[in-house]
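K.L.:
What follows is each chain in one-letter form.
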Amino acid sequence: MTVHARGLLFVALLAAAGCDDATTATSPTVTSPVTELFSGQFVPGGSAARAFTAASAGTVSITLSQLGPQTGLVVGLGIGIPQSNGSGCLMTQIMEAGASTSPQLTVQVDAGTYCVRLHDLGTLTSQVAFTVTIVRP
Amino acid sequence: MTARMLLFAALAAFCVGCGDDDAATAPTDTEQVFTSVTYTGTLEVGAARFYSFTNNASGSVTAFLASVTSVDSKQPVAVPLEIGIGIPAGTGCAATTTQLVTPGLVTQLSASLAAGVYCVRVADAGEIKAPITFAVRFVHP
Chain B
1 MTVHARGLLF
11 VALLAAAGCD
21 DATTATSPTV
31 TSPVTELFSG
41 QFVPGGSAAR
51 AFTAASAGTV
61 SITLSQLGPQ
71 TGLVVGLGIG
81 IPQSNGSGCL
91 MTQIMEAGAS
101 TSPQLTVQVD
111 AGTYCVRLHD
121 LGTLTSQVAF
131 TVTIVRP
Chain P
1 MTARMLLFAA
11 LAAFCVGCGD
21 DDAATAPTDT
31 EQVFTSVTYT
41 GTLEVGAARF
51 YSFTNNASGS
61 VTAFLASVTS
71 VDSKQPVAVP
81 LEIGIGIPAG
91 TGCAATTTQL
101 VTPGLVTQLS
111 ASLAAGVYCV
121 RVADAGEIKA
131 PITFAVRFVH
141 P
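Chains B and P are the protein sequences, given in the same order.
Everything in the first sequence is counted per this note's numbering, starting at 1 for the first residue and increasing by one.
Everything in the second sequence is counted per this note's numbering, starting at 1 for the first residue and increasing by one.
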């Protein structure tokens with residue numbers, strides 16, 4: 001066998017031997033909990049709501065992380081389920097809340113769609129801006 | 001063996017060696033489809049209301065009382081209501097499984113049911129003093 005023929009045989013053996021599944025194991029991506037931010041504005045007498053989906057059963061925590069521009073403001077903060085027609089949020093639990101750095105509502109939920117709602121308690125005199133932090137499964 | 005023959009062997013190995021040997025199998029459809037329903041209504045003192053639904057297959061039906069609010073103030077109230085799952089009977093719902101619950105967002109009632117027509121019932125168990133609106137979320141096959 002010539003050197004050239006030996007080289008070709010080597011190529012053939014490589015081709016035959018190189019067919020194992022080359023996929024390497026990867027660890028699953030951790031996707032829960034997920035943090036969502038809900039920001040907006042509402043006027044005196046108004047409200048704002050947003051739906052979110054819990055991908056699995058678990059704990060939802062909600063924090064009114066920003067409320068201003070005035071300081072010391074307090075509004076209604078609640079969690080519930082969206083109305084079937086999408087026109088609002090059917091409240092399960094509400095509380096009075098100001099801006100905070102720690103969760104103000106912590107609720108166990110099944111997998112499904114829920115909503116968070118902010119509303120004026122009748123104390124606002126001008127438009128307010130807010131950010132709500134939602135941590136959900 | 002000539003170089004040409006070896007080249008042929010190499011190409012043949014490239015062409016046939018890397019197929020997936022698993023035989024093709026038809027996908028199996030074993031995942032059950034569930035439907036989520038939000039049943040809302042107004043409940044007078046001492047009253048009961050129900051909602052009929054069809055279980056498309058046997059499986060677990062789960063429900064929770066998601067919301068109870070005062071008709072007057074529109075504010076949530078922590079009053080307990082009786083929720084139940086049963087079978088439509090005449091103009092009512094004969095509940096076979098019931099629970100007295102306050103609003104929450106996790107399963108409060110479950111029943112394993114065959115395919116067929118059933119109902120979810122919401123009733124005042126003597127706890128409400130004025131009309132309320134309620135929302136029950138239930139999930140069925």
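If you are wondering where the hints come from, they were derived from the structure by calculation, not from laboratory data.
Computed from a prediction, not measured in an experiment: that's the story for all the values here.
Just to be clear, a hint being listed does not mean it is correct.
Distance windows between CB atoms, simulated [what the hints assert, rightly or not]:
| id | chain 1 | residue 1 | chain 2 | residue 2 | range |
| --- | --- | --- | --- | --- | --- |
| 1 | P | Gln32 | B | Thr113 | 14 to 24 angstroms |
| 2 | P | Leu100 | B | Thr125 | 49 to 59 angstroms |
| 3 | B | Thr53 | P | Gln32 | 15 to 25 angstroms |
| 4 | B | Thr101 | P | Ala89 | 51 to 61 angstroms |
| 5 | P | Thr98 | B | Val43 | 41 to 51 angstroms |
| 6 | P | Ala114 | B | Ala129 | 48 to 58 angstroms |
| 7 | P | Pro88 | B | Thr71 | 38 to 48 angstroms |
| 8 | P | Thr97 | B | Leu37 | 54 to 64 angstroms |
| 9 | P | Thr97 | B | Gly122 | 15 to 25 angstroms |
| 10 | B | Thr31 | P | Glu127 | 48 to 58 angstroms |
| 11 | P | Ala89 | B | Pro33 | 20 to 30 angstroms |
Coverage of chain B stretches by chain P, computed from C-beta distances (three or more under 8 angstroms per stretch; other residues unrestricted) [what the hints assert, rightly or not]:
| id | stretch |
| --- | --- |
| 12 | 31-42 |
| 13 | 83-92 |
| 14 | 99-111 |
Cβ atoms here follow ideal geometry from the backbone N, Cα and C, with glycine treated the same way.
K.L.:
What hints, given by number in increasing order, does this structure fail?
P.N.:
Hints 2, 7, 8, 9, 10, 11 and 12 contradicted; others consistent.
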